[in-house]
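K.L.:
Chains A and B, in that order, are what the protein sequence lines are.
Just so you know, we're using my numbering here: the first sequence kicks off at 115 and counts up by one.
Just so you know, we're using my numbering here: the second sequence kicks off at 123 and counts up by one.
Every clue listed holds true.
Beta-carbon label-pair distances, calculated as ranges:
#1 G152(A) to T153(B): 37 to 47 Å
#2 K311(B) to N131(A): 29 to 39 Å
#3 E162(B) to K136(A): 22 to 32 Å
#4 M135(A) to S439(B): 42 to 52 Å
#5 F235(B) to A144(A): 25 to 35 Å
#6 D142(A) to V302(B): 42 to 52 Å
#7 E117(A) to E162(B): 35 to 45 Å
#8 D175(A) to E227(B): 16 to 26 Å
#9 R180(A) to I236(B): 14 to 24 Å
#10 D139(A) to I236(B): 25 to 35 Å
#11 E117(A) to F235(B): 26 to 36 Å
#12 K407(B) to D154(A): 52 to 62 Å
#13 L220(B) to E117(A): 21 to 31 Å
If you only want the chain A side, here are some residues facing chain B, beta carbon under 10 Å, derived:
#14 S129
#15 L130
#16 L132
#17 E133
#18 G134
#19 G152
#20 I156
#21 D157
#22 E160
#23 M162
#24 L164
#25 K172
In short, the hints are calculated from the structure, not lab data.
Heads up, the beta-carbon is just placed ideally off N, CA and C, and yes, glycines get one too.
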Amino acid sequence: MEELKNTLKQQIIESLNLEGMKPEDIEDSAPLFGEGLGLDSIDSLELMVLLERNYGIKIEDAREGRKVLESVDAMAAYIQANRKI
Amino acid sequence: MTKPIYISSASAISPQQTYEDEGLLNEIVSTDNGELYIKEPNFRKYINPVAIRRMSRLLKMGICAGMNALEQAGVEKPDGIITGTGRGSMTDTERFLLDMIELDEGALTPTSFIQSTYNSINGWLALQTKSNGYNQTYVNRGSSFELAVLDAQLLLNEGDEQQHVLAGCFDEITPDYVRVKSKIGYWKKPTVNNLELYKNSDTNGSIAGEGAAFFCLTNKPENTICSIEQLHIIQEDSIEDVSTVLQQTLAGINLNDIDIVLSGMSGDVRFQPFYDTFLSNLSDKTSVAAFKHLCGEYDTSTGFATWLATELFKQQSLPEVLAAKQGNSGSVNNILIVNHYTLNSASVILLKKN
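The shape of chain B in the complex, shown without the other chains (with noise of 0.2 Å):
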C-alpha cells in the first residue's frame, strides 16, 4: 500500500501567464486558430546564454519549470529527477528526421539528434543541479506524467528520512504535428474559441495545446502545498472499458468530500458521455472546472491541471474563468484531477490541502 506524498512547490509554462505570475489567471488568452502555444518566459533566467543557443522551445520550457519548481521548493540539489512526456521534442526530431531524408542518411547534425531523445530535459536537470540521483523519463503517451508521480511516490515511499524529487512532464506542438493529427480528427473542424471549448461537445476533436509542468515532490508534510492522497492510471482496450473502469475507480472515492472536480472536457463528443455520467451525479457543494481550454488538449495536460489545483488550494476560490458549475462548498480543501485521453487512456488524482 502507498502513502501519500507531498507538493512543495510547482511551476507551469503553459498558453496563459501562469509563470512566475501574481494572482491566478489574471489575463486569459483567447484565440480561434485551434492552437495554443506557450507564453514564453524568460529563459535566460536558468539557462545560460552558451548552453541556451543550442536548446529547443521545450527543452528551455522543461529546464525553467524544473528549475523554478526546486527554487521555489528551497530544494538546490533533488534526491531524484522524474519526468513523463507523450512526444519529448518534436521540433528535434523533425529536424533530425527531416535531416536524414534530405541528405540521405550523410552528414548528420549531432545537436538535434541528441536533443530529440526523451531523457534529454532529465539529462540537463541533474547536469544543473549536479543530482546524480534517480533519474527517469516515462514516455507513455497520456499516461506519462501519471507515471512520473507513480515513481516518485514509490521512490518517496521507500525511505523515512526526508527526500525531495522533483518530477515534471512536458510536450509541445510543432505545425507539422498539428498537421498530421488533423488528418485522424484529433482536432474540431471548424474550431471554435478555446475559451468556448468544453461548452461545444457536439463534434469530433480539440484543440492542440502544449505545456511543461514541475512539482517539487517530498515524503513529509511539513511546508508543504497538498498531498497526492490517490493516484489511479487506466489504459483499456477501448473507450468502453476505459470508462466502466473509471467508475469503478471512482466509486473507491467519497465525492461528497470534493470540493472542486478538475474535469478534462475537451470538447470532444465521443469522450463528453463519460464527463456527463460522473459530473451529473455530484452534490450542491461540489464545483465543476475545466481546464483544457486554457492548455489545450496534449499526452501531459494533467499537469497543468495539477498546477491548477496547487494554485486554487492557495486561493481557496474558483475563478469563473474555469468553473463549468460553481458549488456551494465555500472552501477548497479537496480536489479530484480526473482526465479521459484519446480512446484508451484515463487518470484520476486526488489532491488534499495541507
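The following block holds chain A by itself, in its conformation from the complex (with noise of 0.2 Å):
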C-alpha cells in the first residue's frame, strides 16, 4: 500500500505539474482538494484521467468521484480495491 500511495503522488505531481513539490510533501490524509493541495475542479477532471490511464478505473457517479478523490489514503485504497491494469 505504501509503494501504491507514493507512486500515485508522483503521478498526481506529473500530471497536474505541481511545480516544486515531491511526494513527501503530499500528506496522506489531506484533503487534495479545498484546505489541502488547493487543487481546483480542472484538477478533478486530469485526477479522473490518471484513474482511468494508469489504472483502467472509470468513475461514472460524480458524487463517488468526490470521495474517491477526497486525499492520497481514499484514492489508494479505492485503486487497490478496484484496479483493472
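Join the two chains into one complex using the hints; note that each chain is given alone, in its own frame.
P.N.:
In C-alpha cells:
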C-alpha cells in the first residue's frame, strides 16, 4: 500500500504539474481539494483521467468521484479495490 | 471613414530582450540554427502560482505581455480585449492531438484541450482584469494582428467618451511545427545567421520565430505614444495580385513624409522583388529598417514591428542593427510598416508620433 501511495503521489505531481513539490510534501490523509493542496475542478478531471489511464478505473458517478478523490489515502484504497491494470 | 486611434502603451515578449528592458535592443540575440525562441521573462509577476502550473508557454507569454501593457498605460479594466493569432497554442494543440491518437480518443485530459482553443489568452486576461466588455480573437493567418487592430479601431470609433482597448497578438513555434513547415519550404536550407537574414535574399525561405505583443489603444490622443493613421490588409489569390494591390495602396500614402520604413524583408527570394520595387523609390530622407532578423518569420510578426515602432518614436533614432539604409531625416515622426507574408497576404500600417 505504501508503494502504491508513493507512486500515486508522483503521478499526481506529474499530471497536475505541481512544480517544486515532492511526494513527501503530500500528506496521505490531507484533503486534495480546498484547504489541502488547493486543487480545483479542472484538477479533478485530470485526476479522473489519471485513474483511467494508469489503473483502468472509470468513475461515472460524480458523487462517488468526490469521495474517491478526497485524499491520497482514499484514492489508494479505491485503486487497490478496483484496479483493472 | 475610420478615425485614427492611439497607442498608449506597448509590451513585447520576443526572441530579443524586449520585455521591461531599459533602452532599445541593448543585447542582440544571434543564432545560426534558424529558430528564434522567445527570451522568457519572470512570468510569475503577473500569473499566480496555482494558475501558472497549467499554462503553456504561449499562454504565459500572452498574459504577461497583455498585463504589462495595461500596467504601463495605467488601465486596470479595459473596455475590450481583442487579439490575433495565426495558430494559437501549438504546444497544447500538438499534445491534445497526440493524446487522441495514442489513447484512441479515450481518457483525454481537459487542460491541453481547453488551452488549445484560440481565445484562451483573451479569457485569462478578461478574468484577471475582471473585464466583461467586448472580447474577440482573430485567427486569420498573416492578417490576424491587423484584423484585431482594425476591430479595435472600429470599436473605439463608436463613442465619444474615452475608451481603452487591449489589443495584441501571439504565436509560438514548436519543434514539430518547424519540422512540418520545413517540408514545404518555409525555412532556409542551409540556414543563415539571423542577423544576416535580410541580406541573404537569394534563396527560398526564412527563419522561424515567435512572440507576443500587446498594446493599450484608446480614442483620445492625450498621453499616448503615436496614432495609427492607416491600416491596410491585403489578401489576394496570388503573389502577383498581392504586389499589385500593395503598390496601389502605397500610391495613396505620401512616402516623402515617412522617416522610417519598417519592412518585413524575410530573406525569401520569392518576396524580395516586391520590397526592392518600392524601397528603391524612397527619397534620401527615409530610412529603411528590417525587423524579421530579430523576431523571425511568423503570422503575427507585425505586432513585433508595431512595438518596435513605438520604441523608435521614444528613442528618436534608428539603431544600426535595424538599419538596412540610414536616411537623413534626423527625427522619427512617421513610420510605415510594410509586410508581405507567405504567398497571398500583406499589410501596411502607418503610424504617426504624438
